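Q: Sequences and hints are given; from them, build the entire structure.
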Amino acid sequence: MEQKVRVRFAPSPTGPLHMGGVRTALFNYLFARKHGGEFLLRIEDTDQTRYVPGAEEYIAESLTWCGLIPDEGVGFGGKFGPYRQSERKDLYKGYVDQLVESKNAYYAFDTPEELDALRSEAEMNQTVFSYDIHTRLKLKNSLTLPEEEVNRRIANGEAWVIRFKMPEHTDVIEEDLIRGEVKFNTAQLDDKVLYKADGMPTYHMANVVDDHLMQITHVIRGEEWLSSMPLHILLYRALGWGENRPRFAHLPLILKPTGKGKLSKRDGDKMGFPVFPLQWTDPVSGEISRGYREDDYFPEAFINMLALLGWNAGTEQEIFTIQELIDSFSLGRVVKSGARFDPEKAKWFNRHYLQQKNDAELAKLFKKQLEEKQLFTDDDKLTRIVGLIKDRCTFASELWEHGFYFFTAPDSYDEKTISKKWKEDTSEKLQAIAGFFKGLSSWDAESIKEAFSEFMNSREWNFGMVMVPIRLALVGSSQGIDLFVILELIGKEETVRRMERAVAEIH
RNA sequence: GGCCCGUUCGUCUAGGGGUUAGGACGCAAGAUUUUCAUUCUUGUAGCAGGGGUUCGAAUCCCCUACGGGCUACCA
Numbered sequence: 001m002e003q004k005v006r007v008r009f010a011p012s013p014t015g016p017l018h019m020g021g022v023r024t025a026l027f028n029y030l031f032a033r034k035h036g037g038e039f040l041l042r043i044e045d046t047d048q049t050r051y052v053p054g055a056e057e058y059i060a061e062s063l064t065w066c067g068l069i070p071d072e073g074v075g076f077g078g079k080f081g082p083y084r085q086s087e088r089k090d091l092y093k094g095y096v097d098q099l100v101e102s103k104n105a106y107y108a109f110d111t112p113e114e115l116d117a118l119r120s121e122a123e124m125n126q127t128v129f130s131y132d133i134h135t136r137l138k139l140k141n142s143l144t145l146p147e148e149e150v151n152r153r154i155a156n157g158e159a160w161v162i163r164f165k166m167p168e169h170t171d172v173i174e175e176d177l178i179r180g181e182v183k184f185n186t187a188q189l190d191d192k193v194l195y196k197a198d199g200m201p202t203y204h205m206a207n208v209v210d211d212h213l214m215q216i217t218h219v220i221r222g223e224e225w226l227s228s229m230p231l232h233i234l235l236y237r238a239l240g241w242g243e244n245r246p247r248f249a250h251l252p253l254i255l256k257p258t259g260k261g262k263l264s265k266r267d268g269d270k271m272g273f274p275v276f277p278l279q280w281t282d283p284v285s286g287e288i289s290r291g292y293r294e295d296d297y298f299p300e301a302f303i304n305m306l307a308l309l310g311w312n313a314g315t316e317q318e319i320f321t322i323q324e325l326i327d328s329f330s331l332g333r334v335v336k337s338g339a340r341f342d343p344e345k346a347k348w349f350n351r352h353y354l355q356q357k358n359d360a361e362l363a364k365l366f367k368k369q370l371e372e373k374q375l376f377t378d379d380d381k382l383t384r385i386v387g388l389i390k391d392r393c394t395f396a397s398e399l400w401e402h403g404f405y406f407f408t409a410p411d412s413y414d415e416k417t418i419s420k421k422w423k424e425d426t427s428e429k430l431q432a433i434a435g436f437f438k439g440l441s442s443w444d445a446e447s448i449k450e451a452f453s454e455f456m457n458s459r460e461w462n463f464g465m466v467m468v469p470i471r472l473a474l475v476g477s478s479q480g481i482d483l484f485v486i487l488e489l490i491g492k493e494e495t496v497r498r499m500e501r502a503v504a505e506i507h
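In terms of this note's numbering, the first sequence opens at residue 1 and continues consecutively.
It is worth saying that the hints were derived from the structure and are not from the lab. Computed from a predicted structure; not experimentally measured. Backbone N, C-alpha and C define an ideal beta-carbon position, used for all residues, glycine too.
Here are the in silico distance ranges between beta carbons for each label pair:
1) Ala-122 / Thr-258: 29 to 37 Å
2) Thr-64 / Phe-395: 18 to 26 Å
3) Thr-144 / Asn-185: 21 to 29 Å
4) Ser-337 / Lys-4: 27 to 35 Å
5) Gly-67 / Ala-409: 40 to 48 Å
6) Ala-445 / Ser-337: 47 to 55 Å
A: Below, the structure written as structure tokens:
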């Protein structure tokens with residue numbers, strides 16, 4: 001009988017969630033949904049020194065904005081709680097004791113200073129100090145000290161940690177769901193601290209215990225954890241859970257758009273794109289980091305873009321609804337190598353989603369922008385305008401810059417266009433045309449165009465001489481949609497007013 | 001340094017012994033729009049290098065180079 005799939009996203013509340021973190025959450029979510037399983041959010045706050053206030057709320061809000069709602073977790077209920085590791089503190093000691101009892105772990109009394117000294121000493125000799133099978137018998141721990149002294153030190157309240165006793169020269173072979181067989185030898189691995197002097201477990205211990213207790217079936221996480229996979233496997237075995245432990249899948253990292261290394265906050269600042277889902281204000285420095293939400297990305301576009309960064313369906317499809325992602329997702333199709341992030345492609349996804357939205361929906365967004373400027377118009381007209389200008393937009397926030405002229409006269413005229421298209425006799429012509437417009441009785445794009453053509457013919461003027469100048473008068477530059485539609489929508493009076501103003505102001 | 005992972009157009013990727021190496025973003029050109037943008041069409045550009053295996057390698061193996069991760073009482 002197959003076990004029910006349970007996966008978890010387990011971030012550390014040390015700051016805002018990085019877009020790589022969101023992608024990890026996404027892949028977990030997709031995997032859970034695909035297999036009818038559950039997706040949980042666990043907060044890994046075992047390092048109290050790195051805790052950042054607000055980070056936890058930020059994580060929950062980010063997932064919510066992205067539509068990746070956990071089935072269980074901090075703030076989302078569930079029967080396997082608490083889901084915050086600091087609240088599970090008491091629970092870990094028993095398992096650590098069990099490991100000490102079974103000789104899989106031992107007490108160590110070496111101080112951080114002593115270890116640092118050993119590390120720098122090793123560095124001077126061009127080597128690296130490692131607390132492992134070769135060195136542990138020369139250090140201060142329950143393997144080397146007499147039992148009475150160990151007990152005495154503990155009773156005296158001396159600081160101690162518990163370390164895993166890495167077994168001697170054995171191969172740990174595991175089938176990673178993305179990478180295939182990965183092989184390690186314990187001879188290369190050190191005796192990691194499992195339980196810290198402050199009474200908190202380290203990541204490794206808490207992770208293994210919680211994944212077991214929360215009945216996690218698949219651990220889907222970033223590649224930075226691949227190296228600790230053997231330790232985790234050994235821990236499951238040592239705790240007697242080796243037969244029923246989760247399977248692992250290690251995701252490739254997201255790399256900088258250019259240059260070396262993984263994507264960082266700095267890259268976003270430098271190159272002008274967000275690396276976080278939501279805007280974040282650092283509680284200490286007050287520094288603000290932009291977010292995809294505030295930069296006006298649609299969450300669907302953000303998610304779609306993230307999904308295709310390191311995964312593909314094996315078809316040429318690139319646009320996926322979340323349901324389509326769920327249906328076609330598989331870990332086997334996750335790419336093994338790191339992916340450089342391309343901000344341009346992210347924009348392309350947003351543009352695509354924006355074009356797919358219906359006009360009325362976008363009109364609502366546009367209406368908000370207009371209201372902020374104290375401009376109002378009826379919904380039908382607004383919807384029509386949106387339909388006319390949306391294909392020029394990548395973000396909904398650009399609706400204004402591409403449609404402002406329907407609501408307000410230009411506040412300046414583009415110099416280049418003036419020098420190129422505004423001739424000696426342009427003012428005169430525009431004045432005549434404005435006068436002609438005044439006398440028109442029907443004011444819709446078709447009729448205006450027809451009447452205007454006749455007028456132009458009668459004067460033996462050609463369109464090219466005046467079209468751009470009229471546009472300049474109405475819009476302020478040589479941009480915009482079909483001129484006669486603009487005329488119709490801004491109305492006769494406003495058209496004439498703008499033309500007269502342009503004649504007066506442009507020389 | 002050690003261990004582990006990776007390497008197809010500038011970027012994201014398809015490909016799993018025989019393909020004119022496909023798509024997308026970007027970029028460029030043309031068309032259309034008496035403007036600009038859109039749109040459409042076309043083009044641009046790639047198997048890191050070297051050895052094997054094989055009748056035949058982007059595909060399998062080895063070496064090298066390069067990139068990435070880990071190497072904390074951080075996750």
